[in-house]
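Chemist: If you want the building blocks of each chain, they are given just below.
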Amino acid sequence: MNDKCLIINNCQAKMSKDIPIIGFTEFRDSVITETQIGARVVSFFAKVKEEGRFILVIVLARDKEGTLAVFSTEVKESYHSLTLDVPQVHLFEREIFEQWGIRPNGHPWLRPVRFHQPYSEEISKFVENRKARSAKPFLRISGQETHQVSVGPVHAGIIEPGHFLFQCHGEKVFNLEISLGYQHRGLERSILSAPSQRLIHYMETAAGDTTIGHCLAYCQAIEALADCRVPLRAAAIRGILLELERLANHTGDLGALANDIGYLPTTAYCGRLRGDFLNMTAYICGNRFGRNIVRPGGLSFDLDFSMIKELIKRLEETFEDVKNAVSLLWDSSLVVERFDETGILTKINAIDLGIVGVAARACGIERDVRFDFPTGIFKFSQIPVSTHSSGDVFSRAFVRWLEIQRSFEFIRDQLKNLPEGNISHEIGNINKDRTVVSLIEAWRGEIAHIVFTDNAGKICDYKITDPSFHNWLGLAIAVRGEAISDFPICNKSFNLSYCGHDL
Amino acid sequence: MLKVIYSRFKQGYRTMAFPAKEDVFSERFLGKPCFNSRSSIDDLASSQSVCPTGAISRCGNNFSLDMGKCLFCGECQKVCANKAIVFTREYRLAAQDKNDLIIRSNPKDIENRTKKGIKQIFGRSLKLRQLSAGGCNACESDINVLSTPSFDLARFGIQFVASPRHADGLVVTGPVTENMKIALEKTYRAIASPKLVIAIGACAISGGLYQIDSQCNNGVDSLIPVDLYIPGCPPHPLTILDGLLTVIGRIK
Chain A
13 MNDKCLIINN CQAKMSKDIP IIGFTEFRDS VITETQIGAR VVSFFAKVKE EGRFILVIVL
73 ARDKEGTLAV FSTEVKESYH SLTLDVPQVH LFEREIFEQW GIRPNGHPWL RPVRFHQPYS
133 EEISKFVENR KARSAKPFLR ISGQETHQVS VGPVHAGIIE PGHFLFQCHG EKVFNLEISL
193 GYQHRGLERS ILSAPSQRLI HYMETAAGDT TIGHCLAYCQ AIEALADCRV PLRAAAIRGI
253 LLELERLANH TGDLGALAND IGYLPTTAYC GRLRGDFLNM TAYICGNRFG RNIVRPGGLS
313 FDLDFSMIKE LIKRLEETFE DVKNAVSLLW DSSLVVERFD ETGILTKINA IDLGIVGVAA
373 RACGIERDVR FDFPTGIFKF SQIPVSTHSS GDVFSRAFVR WLEIQRSFEF IRDQLKNLPE
433 GNISHEIGNI NKDRTVVSLI EAWRGEIAHI VFTDNAGKIC DYKITDPSFH NWLGLAIAVR
493 GEAISDFPIC NKSFNLSYCG HDL
Chain B
-17 MLKVIYSRFK QGYRTMAFPA KEDVFSERFL GKPCFNSRSS IDDLASSQSV CPTGAISRCG
43 NNFSLDMGKC LFCGECQKVC ANKAIVFTRE YRLAAQDKND LIIRSNPKDI ENRTKKGIKQ
103 IFGRSLKLRQ LSAGGCNACE SDINVLSTPS FDLARFGIQF VASPRHADGL VVTGPVTENM
163 KIALEKTYRA IASPKLVIAI GACAISGGLY QIDSQCNNGV DSLIPVDLYI PGCPPHPLTI
223 LDGLLTVIGR IK
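Protein chains in written order, with the numbering used here: chain A, 13 to 515; chain B, -17 to 234.
Next up, chain B with everything else stripped away, as it sits in the complex (with noise of 0.2 Å):
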């Protein structure tokens, strides 16, 4: 028993203060792409040819990369002597518009808003059912940890429920396989109303690596109407904790 509470003062307190602070993040992390403003159009190309998910898409002149497909890989940064595309250190990515994870090289201003419904149901308390349809168990991981005592996610009135008869909200990861979208339907219809879905990682939001794949369907979307996307391959846990509070109004 001693040796139990000689360890409670020897781990410490470990919460970080997020949203307070933000954590420390590694040197290498590749955040929110951008597109340099003065690069030529072949090396748009060049950066194009290389992305394997097709998340960099050309039209006439303009191009633009579509963060919901994109597996933040490096591949275009890194081909470009140019640096036509460079990934910066910004973490926060979530959008409730599909439209507004498009990046595109000439920008338009984009404010991300939270729906004001939202904020008076859920905000002070939400449930979550998560659940995985062909995920690949890193984005799983990854929403995981936010229950553990670093993040302590339950201090936010957040949490993960074990049924959807107790959830206010579906998490979804992973492409949607041929053998969950049955799964998925039945859980997201046990779910009472107002009821909120939100897909996380590239998977989920549009097939990512598996769009063009026979045995899975291109993201949640296409079976279910989502109300939070939040990319990444796996996006980073505080990503997807800067998500969750901002589209429950907790965080601006």
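For reference, chain A alone in the conformation it holds in the complex (with noise of 0.2 Å):
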């Protein structure tokens, strides 16, 4: 179906009109068909074509070939929505409706994403806008003993802001929703309008724990526009980098979970070894989170023998003291108790929902950006997929755990065999009216960028799909049925982004 769909693979580069316009009904019988065949939604969303006119945009990964197919379809101000065919389109219907007035006819629940201003003066009139967040109304059950907990925006903790709002039978949860769009930064129309000094910096505070992985996603996106391709020197310290913010927020995320039972050893010594990875990546390059590293073309700092020699020493004494402070988690009953069979989301649903990262391969389902769609230095070095099969907080706990031990050896092994070489090519010009889609296996999984430009070679269109946005109703999932108690542990096993989702 080469003419009704283009086929191309991570962050390769082609020309914009390549993406073939079908008609709405083919567009939608295409992704269904696309989806039951094993397909998943990377991203979907609107372009403006000319006054009132909106092209569809949707693109799809086909995990198990390593290709992406984009296609698209032209609408005005309604279609028939897919989300009761494709539930993993029913996030970005929302999003479409609520930036553009676009309305997906049949949406089951079209609440706003953001409760922002529509992106165009002209559609104000067709959308809710953020005044009607009372008006919409949320989810309810209601009946004897039913009760509800509304919990945010500002939470107990230091952490960022969302509403969630439990509908509860003593102590069981029926139903969580939840509501974001507390941290909407306008992102996204930032970067076309804003001068170009800037891009990175918003590329590295998209979501400011996950630097290195939006950094690597807009420069993948960039270098591919510009044919520029990166030497083998900085792709390894960038696989290194990688790796290191996937250690530090891992780490941190299993010490959390135990301070979330109460377990304090690992929380201790987790807190303070997440710390010394993040120490590791400012060794390299001056900040913690690794700002100022990754830039278009290469890296900005380059590593000596004697920093590479410090580097192992300092990985490999954390690394065992890691081992050590985790070890405790699978030895003392009570831990497991508390993770074993809590916070449950089934494979199916996952599938369903088109749930990415951790969370996909705690429920068995071999997905990962790094083995699917290898870009940089992992087309050369391969980092085995972890997957553990329960689903529960426990399986996303110990896929974590899995991650740490093989990205410690991916690390180490780069750093003993770091090609020699330049760190950075120079960036030619972007082409002109190219459209790319480079995605990353960041630590809370994917990221999808996707840029466009036009007849002059600048940025026309650019759309990030972070991971949490993919994963957020995977955690409203997981804790229906459980205890409200239990929802600190199913939050932090998830551990979403707030501000990715909101941008």
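Don't take each hint at face value.
[As the list claims (entries may be wrong)] Calculated lysine to aspartate or glutamate pairs in the EDC-like style (CA-CA distance at most 20 Å, straight line):
(1) Lys177(B) / Glu167(B)
(2) Lys321(A) / Glu9(B)
(3) Lys444(A) / Asp466(A)
(4) Lys(-8)(B) / Asp288(A)
(5) Lys29(A) / Asp239(A)
(6) Lys(-8)(B) / Asp333(A)
(7) Lys(-8)(B) / Glu332(A)
(8) Lys(-15)(B) / Glu349(A)
(9) Lys(-8)(B) / Glu329(A)
(10) Lys(-15)(B) / Glu332(A)
(11) Lys60(B) / Glu438(A)
(12) Lys(-15)(B) / Asp343(A)
(13) Lys325(A) / Glu9(B)
(14) Lys61(A) / Glu107(A)
(15) Lys428(A) / Glu329(A)
(16) Lys(-8)(B) / Asp343(A)
(17) Lys60(B) / Asp314(A)
(18) Lys(-15)(B) / Asp333(A)
(19) Lys3(B) / Asp288(A)
Worth flagging that the hints you see were computed from the coordinates, not collected in a lab.
Values in this document were obtained by computation on a predicted structure and should not be read as measured data.
Two chains, two frames, a set of hints: combine them into the complex.
Modeler: Spelled out as structure tokens, the structure:
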């Protein structure tokens, strides 16, 4: 079906006009058929064609083949919603409606996603604006002994804002509705209008704890658009940085999970060890979150011999301590009892919702961009996909531990065999009228950046899909039927980003 | 059980000696920027042109750098071969007056003062409530680590608490998005007076990268009065800790 969809690889730039625009019925049928045979929705968004006319673009991942299918259709102010047939697009359809006022007829739950003003003055009249927050009701249950618990946007800890509304019967959660948007900074729109020297900093702060992930996705996209090849040494160090970010966050998450059930030894040790990994990133680039190093064309800092030696030493010492701290978890019956069979997300639900990252792998789904759509160093040096099948909190914790071990081995190997050469190539002119899809497996899961350039080689559309955008509903499903007191560990086991979702 | 005790020995005592002894920073750490007094106007102008947030401004032949807007990306240092602007390794950046965040090419001596009353009221015990208002979770993470054993914030009598009703002060991160404006004002009102407000990070101080954004307000002090500014993107945990200890008069 080559005339009906464009088949591309991760980070392969193509002419924008090569994306076929097909009739809506055909588009709808294609999406349904593709997802039935195993494709997954990476992103779904609208582009303005002309006044009142829009192009809906969908990017599907065929994980088994390692290819991406891109196709589009033209719509006016409404279309027949896909959500009931393809649940994965439920939030994308809400997002498109909120941004452009294009109504998905028949969508079962058309609440705003981020509660911002629509992107165009013209369409304000179609769309409920942020004042309608209270006008658009939450799902409620009623009856004897039912009650609701409302939490947020300001939470008890040092975390980002979001609103959670639980419908409970006694202790048992019947439904959790998560309402976000408090962190919305208008990033995707700012990217299009801001001066170019700001762009990389927007990427660094898209989700501050995933600085390397978002920067890599952006840089890969720009490099593909400018036909620039990154030197092998830079690719290897980028891989090291990405895995260091994973190590730091996974270690921190395991500590935080232990904290939520009151098992403090692991909490105390992991809190410190997470900092040790962050300090290793700071040792490489001066900043604990990996700011100021990943740049289009390569890197801005190199490693010399003595630094490599020091990094290997620190890595091995820290890993030994992590091994010790984490092994306490699996040895404690108290911990395992609390983690086991808590917050189960079934494999079927995970596939239907298009869950990505650790949460998907913890349901036994082999889904990892580093393996399915490798770029950079991962083309040459593969990391095995870590999975566990039970889909509960234990599984999500255990997959993190498996990934910690594999990332550690990967970084150590890369440091010992770092290729010689430059760390940066000059980035040339960006090609005109191109489209590229850039995927990265960050520590939370798949980050997708989709970039379009216009006929002057300027970025004219920029779509970011953070892994949290796919996964928030997964959390809501996982806590159904659980005791409300188990919500903290369920939440922590997903550990999703608020600003990544809200951008 | 024996294994837990063994781990305790193996992991050791890890709390840093700060403030008695300072932690070793990475060689590549970018601290307080300063102007090279001998640099030419052209050099300074070229540094100014690459700043992503407009932190460097020019008035006649004098230049100034606002740390409240600075992302500490080091582009201005990199672009100029004559090093018109150099980032030192000074990590103590906090200021109680917003003007003290501005570094000038013709410097005036500034003394970081502790306001008298604050030491008396909060010097021995300070309970803070954190509020993220559009922060990217980097500032939040580096505030969080202060409670780990490495920094052990509690030994200074400072603690992050769960409710504004329990708090003496409010720590805000992020540029204050439109959707968090009401929550910020409500949280501020919920804290009993006298109270402190601390803005952490470039976004919270000036809007930082998001200062021209229609979805954001330009930082916290456009809405509520701020007592302490801790610049950085994000500030190093020790920069934050130093700021907190300085404002309550625990260190000078």
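Chemist: Now tell me, hint by hint, if it's right for this structure.
Modeler: For each hint, the structure was consulted:
| no. | hint | verdict |
| --- | --- | --- |
| 1 | Lys177(B) / Glu167(B) | holds (14 Å) |
| 2 | Lys321(A) / Glu9(B) | holds (15 Å) |
| 3 | Lys444(A) / Asp466(A) | holds (6 Å) |
| 4 | Lys(-8)(B) / Asp288(A) | holds (16 Å) |
| 5 | Lys29(A) / Asp239(A) | holds (18 Å) |
| 6 | Lys(-8)(B) / Asp333(A) | holds (8 Å) |
| 7 | Lys(-8)(B) / Glu332(A) | holds (10 Å) |
| 8 | Lys(-15)(B) / Glu349(A) | holds (19 Å) |
| 9 | Lys(-8)(B) / Glu329(A) | holds (12 Å) |
| 10 | Lys(-15)(B) / Glu332(A) | holds (15 Å) |
| 11 | Lys60(B) / Glu438(A) | holds (16 Å) |
| 12 | Lys(-15)(B) / Asp343(A) | holds (9 Å) |
| 13 | Lys325(A) / Glu9(B) | holds (17 Å) |
| 14 | Lys61(A) / Glu107(A) | holds (18 Å) |
| 15 | Lys428(A) / Glu329(A) | holds (16 Å) |
| 16 | Lys(-8)(B) / Asp343(A) | holds (17 Å) |
| 17 | Lys60(B) / Asp314(A) | holds (15 Å) |
| 18 | Lys(-15)(B) / Asp333(A) | holds (13 Å) |
| 19 | Lys3(B) / Asp288(A) | holds (19 Å) |
In this structure, every one of the numbered hints holds.
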